[in-house]
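Participant: Each chain, written out:
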Amino acid sequence: MSEFKLIKVKEGILSENDKKASDLRQKLKSENKYLINLMASPGAGKTSSILKIAQNLNKDIRLAVIEADIDSSVDAEKMAENNIPTVQLSTGGFCHLDAEMVIQGLEEVVKENPDLIIIENVGNLVCPAEFDTGAHSNIMILSVPEGDDKPLKYPLIFSVCELLIVNKTDMIELTDFNLEELEKRAKKVNPKIEIIPVSAKTGKGFEKVASWIEQKIQKIRG
Amino acid sequence: MHELPLTNKILETAIDFAEKNNAVQIQEINLLIGELSDIEEHWLNHYFKYISKDTIAADANLKITRVNIKWLCLNCFFEFRGDKKSDKPPKCPKCQETKNLELINGREFIIESIGII
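Same order as they appear, the protein sequences are chains A and B.
Using this note's numbering, the first residue of the first sequence is number 1, and each one after it goes up by one.
Using this note's numbering, the first residue of the second sequence is number 1, and each one after it goes up by one.
FYI, nobody ran anything at the bench for these hints, they're computed from the structure.
Hints may contain errors.
Stated by the list, open to error - Here are the computed distance ranges between Cβ atoms for each label pair:
(1) Glu16(A) - Asn61(B): 20 to 26 Å
(2) Met171(A) - Lys20(B): 56 to 62 Å
(3) Cys95(B) - Asn83(A): 47 to 53 Å
(4) Lys20(B) - Gln218(A): 44 to 50 Å
In this text, a Cβ means the ideal position worked out from N, Cα and C, and glycines have one as well.
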């Protein structure tokens, strides 16, 4: 009869993905390409925000987009109408993107030699936060109708993002959304998070988002 | 929501280590999961039962230990525990720093060990 033995494993369940992500980050840095992972709920305004960012960015910056959708190409079509090189990844029911899927998407968009690549992750506040995509910055959008209590319900996503964009502030008067409360709650899980209120409808605030991104691009170029 | 691919990864890694150690059966898998992770233990167990059928890990017990949130103050290098339920932002108890803090525990997702025969 065999004896019970306890074997040390000490292996991160996501370590394979983490390694791929970190290699990708290094590789892109050496090519002077900045990768942003944009996360939000469905309907928070990811696509319209990317379009506004594109309008506000310095014209010298070449932007490309990786669209992740469970099963449609509606967002990719919108990007194409605005002449932004886009690749559509069909996640086929997957709730998130991982580094491997991003690497596949990049193969297409690097042909356009972009300086900035934005990943529009799957609309979801839970799963995308667990997987490192290889991005240099994680950014999330929270829209006013979703409520200011989201950092309490989904702390992980707020803890992994450098920038929190608060969208649909044009309708803030119609709700009891409290920006100060949101800031307090978001900083509880991530004291370094920066917050920029915007409206993708009016375009307000996107010059600040664009300049935040431009500074990051400057930094990576050293 | 993404418990299924993660459960697959747990099973793969456990079987890999068990086979290297000439195991005939995996009896337990010990996991460390950070407090900030949204993993649902119920679904982890449910999927595991399903996908481990007909493997040496069938009927293995998934033992989950949650890891508390811990912050490192980058100002004075003091480490302190965070409270997930508190509605106050974290503050270094030693030097009162509130901004320059780094999360060092709370996001873990690790297979710590496996129990085999």
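Participant: Does each hint hold? Answer for all of them.
Facilitator: Now the hints, each set against the structure:
| no. | hint | verdict |
| --- | --- | --- |
| 1 | Glu16(A) - Asn61(B): 20 to 26 Å | holds (25 Å) |
| 2 | Met171(A) - Lys20(B): 56 to 62 Å | holds (58 Å) |
| 3 | Cys95(B) - Asn83(A): 47 to 53 Å | holds (51 Å) |
| 4 | Lys20(B) - Gln218(A): 44 to 50 Å | holds (48 Å) |
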